[in-house]
Amino acid sequence: MAKNDLQGALDLLILKTLSQLGSMHGYGVAMHIRQVSGDLLIVEDGSLYPALHRMEQNSWVRVTWAVTEYGRKAKYYALTAAGKKQLAEREKNWQDVAKGVQAILRFA
Amino acid sequence: MAMFRRVAALFRRSHMDREIESELREHMQMRIDDDVAQGMSRKEAERAARLEFGNPTAMRERVSAEDTTLGLDSIVRDVRYALRGFAKSPGFVLVAIATLALGIGANTAVFELLDAVRLRSLPVARPDELAELRIVGGPSFGLTERYYANFTVPMWQEIQRHHDPFAGVFAWQSDGLTLGKNREGRHVSSLEVSGDFFNVLGITPWQGRLIGPQDEASCKAWKAVVSYNFWQSDMGGAPITPETTLAVEGETVRVLGVTPPGFFGMIVGDRFDIAYPMCPGPNPRRDMFMYSVMGRLKPGWDLARASGYLASLSHGLFESTAPTGYSAKQTEHYKSFRLEAVPAGSGISALRERYDASLRLLLAITGLVLLIACANLANLMLARASVRQREIAIRMALGASRGRLVRQMLIESGLLAGIGAGLGVAVAQPLARLLVLSLNTSQYVIQLNVQPDWRVLLFAAGVAALTCVIFGTAPALRSAGADPIAAIRAGERGVVGNRERFSLQRLMVVTQIAVSMVLLVGALLFVRSYRNLVTLNTGVRETGMSIGYFGFERMKIAPENQAAFKRQLIEEIRNAPGVENAAGTTHILMLGGSWTHGVHTDTAEGSSKFTYVSPTFFKTSGIPLLTGRSFTDMDTNNTPYVLIVNQTFIKKFLGRGPAIGVNVRVIPEPDYPARTYEIVGTIPDTKYDDDLRHETPPMAFVPLAQLPPAAERSWVAVMIATSDTAAATNVVRQRIAAKYPEMSMQFEDFQQDLRDNLVGDRMMAMLSGFFGVLAAILVIVGLYGVLSYLLAQRRNEIGIRIALGARRGQVIGLVMRDTAKMLALGVAIGALLAILAGRGASAMLFGLKAWDPLTLGFAVLLLTAVAVGASLLPASRAARLDPAKALRTE
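If you read the protein sequences in the order shown, they are chains A and B.
First residue of the first sequence? That's 1 in full-length UniProt numbering, and the numbers climb one at a time after it.
First residue of the second sequence? That's 1 in full-length UniProt numbering, and the numbers climb one at a time after it.
To be clear, the hints were calculated from the coordinates, so they are not data collected in a lab.
In this text, a Cβ means the ideal position worked out from N, Cα and C, and glycines have one as well.
Keep in mind that a hint or two might mislead.
Computed list of lysine to aspartate or glutamate pairs in DMTMM-like fashion (alpha-carbon distance at most 25 Å, straight line) [as the list claims (entries may be wrong)]:
#1 A/73 with B/52
#2 B/43 with A/44
#3 A/73 with B/34
#4 B/739 with B/749
#5 B/335 with B/605
#6 A/73 with B/35
#7 B/739 with B/580
#8 A/73 with B/19
#9 A/73 with B/46
#10 B/43 with A/45
#11 A/73 with B/44
#12 A/85 with A/11
#13 B/43 with A/69
#14 A/73 with B/21
#15 A/16 with B/26
#16 A/73 with B/33
#17 A/84 with A/96
#18 A/73 with B/61
#19 A/73 with B/17
Some, not all, of what chain B presents toward chain A, calculated at C-beta under 7 Å [to be verified]:
#20 53
#21 54
#22 62
#23 63
Model the full structure from these sequences, guided by the hints.
Okay, here's the thing in structure tokens:
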């Protein structure tokens, strides 16, 4: 699921994570997704950073550099208003897709 | 806003790069920290993180690739990288850019000329609305397909009364005038225009006012409008006042105003000096077909609809304007004519008609030369790419994608093509002017505004893009397709190089040979054709021949005395010192004029050229009399009408029967009543037309003194045979001017005039020859380069061969066999293409066929010499190879 080719899904996961955590660095986002999904969804580093960068370009996230709890300097991402709007849209969209896929699977 | 940020980001590139890098580094560190916290050893954790994370450089590239601005930035980087690469190999860059600049320049120059004579619109308001009226149903009555001025004044007046499709119509003709109170000044070109000419064209005066409808009505006083150029050169640009006048044709003419600088008239390639109003008079002639009629379409009318309207108008128009004096059959023909409308927005041009095909062919030739140049460049790029193979392999190993590498290479060739095109457009300007100069003759100077407009720039850009694709793509794809591991490991080693790469370069050499074969054959054909034309025996004396045109209108000689005056004038010219002989005529052979009468004999009918000549004509022109007698002074309008005819006339009208004594009846025409002539002599065929390619028509000669009285005009052309044309012309001019001060005279050198007629052929011969030689040189360079490169690749192989006992001759043979194979293939393909291409050009050739075996053979010989010459140096270098050295460098 957390593959490149389902970019929309990856964006949704990242946006949702950021909305839940408030502000987080890339590594934290990846770990959160992995833990919450019970190791079912693993975001590859190779996909995560291009996605975050793209969101920054589109002004969906705001960026600050801050020190982590372990004393490392990291780039923290937080949702902007545009990002929240984007999340809402994608959540709705995802539910539609999921419903559709379910319907197909249940068809006997 | 986003765009602004992106552009701003261009300047922050290094900052962003650093930011991305530190973010990724921190990410790895956090992962390592976590793993260590879970009990991994630090070393193990670092390894795991690196494996998971992948190539950090590639990763960074991928992150920055998300940024669209960075795409732009990376192009700037590629350009900078390419420029740095160019700086490292200036020789390559110089050769590449010079080749491209010349190739693109030559193409652009020819295109510029085509653009100027063919594509550009007239400098008038809304040129696309202009339509020209044409008569369909000719040629007859002096109407020809070739010339545009075919309307008589009555026809024009009829059209003026019925011009529903047009907002306005106008008539004009181009003419020449002589300046000065005694016509001693220079000859200028003029336009005779109807009153609405400038209104309909939408020309606004630069000074004073232009000719209007009111000027047509008051014809008594001469009025004129001058062009801006004439105003500047001959009138000093002085302000136009009601008192401004000019002396033209011995009359004083009031100058009304000046046309704006860009307006050159209606004829592309010509420039008018003076325009004066049309003056039809009360009873205009119905048989003088000399005006061009044009109109501006009303909104809502297109050419098809206008033609439909004109077709419906035609019957009545030709019915009411039919000239009298023709035979019933010819009058019927006249009445069956029809009018149509054709586009006129790009004006009218004899240049276009004469040189269109030549220019197109030239464009094809220069295109082929550019193709050869491109093949050379592609080979250069290939050689360069294989030298850079290691660099490319390392970049690939570091994670550069193939697309990125191809883009880098295309940017390099694009830069070369771009710079080449820029210089090419600059080079094209003097080249185009030179081209125009080469078409000028002693009589006629082409006035053509060759300037790069948007079409020319677009053309140059298109050519540059095409060349870039041709010479850049193959090397780029090839080097990006290389296997990095193999490239790094093998480097330039290996006993025998990669076979496949060689074959691509060979293919290009074969293509070059084939294309240059086509160009060489073309060049040889045109050069030989021109030679045939120049050395052609026309049957008329050409050297030591002056032609004088004598006009005596102002001497007011009564029509019945004109024949006698002409005889006296010719006699005086004959008696001038230095003059061998002289003869009067109504028409000089091979200089473009033509006079035709319908004739019939007892057995056949048709038409023949008619020339009225004085008795000394045949002696003066060097035309021998085959049978019968020449004309004498006794042949006048009071004695039986006599005729001398050429062989074609006899063949066409008399068959095998005897010619002398046969009666020939001439069909009547206005001023030329029906007459019966008796053939008294025969002459061999000579050329008649100014286009020497044309067959000799039936020709008949009549004594000048038997010119029908109504057809007498107060001028005569005199052929003056002499050993020194310049000196004799001077003597004659002085003598006649002293005796008849009111006589107007103009002299030409016959041979010069004939050469002038061949100027188009001369241009084709010169340029195709030049480009043929250029192609051969390019082939030498290309073949030499490729062979040197291939041999450098095969150094080891050849070293081993020599070490194993191969003799020098065998090594040279090895190289030569290679050349021979490419040559044979290229020549075979080229010969085939040349024969196919030659079909298109055969109409331009004279005295030989497009598949002339001698020409083909000579071209093959030339190319063989070129190929052998180009391969000898690399071959002998290979043969002198020191095997120990060659193998040690490994």
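Going through the hints against the structure:
1. A/73 with B/52: Holds, at roughly 21 Å.
2. B/43 with A/44: holds (22 Å)
3. A/73 with B/34: Cα-Cα ~15 Å, so holds.
4. B/739 with B/749: holds (23 Å)
5. B/335 with B/605: holds (22 Å)
6. A/73 with B/35: holds (18 Å)
7. B/739 with B/580: holds (21 Å)
8. A/73 with B/19: holds (12 Å)
9. A/73 with B/46: OK: residue 73 of chain A and residue 46 of chain B at ~19 Å, within 25 Å.
10. B/43 with A/45: holds (20 Å)
11. A/73 with B/44: holds (23 Å)
12. A/85 with A/11: holds (13 Å)
13. B/43 with A/69: holds (23 Å)
14. A/73 with B/21: holds (13 Å)
15. A/16 with B/26: holds (23 Å)
16. A/73 with B/33: Given that 25 Å is the threshold and the Cα spacing comes to 14 Å, the pair holds.
17. A/84 with A/96: holds (19 Å)
18. A/73 with B/61: Holds, at roughly 22 Å.
19. A/73 with B/17: Roughly 17 Å separates the two Cα atoms, so the pair holds.
20. 53: holds (5 Å)
21. 54: holds (6 Å)
22. 62: Holds: closest Cβ of chain A sits about 5 Å from residue 62 of chain B, inside 7 Å.
23. 63: holds (5 Å)
Of the numbered hints given earlier, the model fails none.
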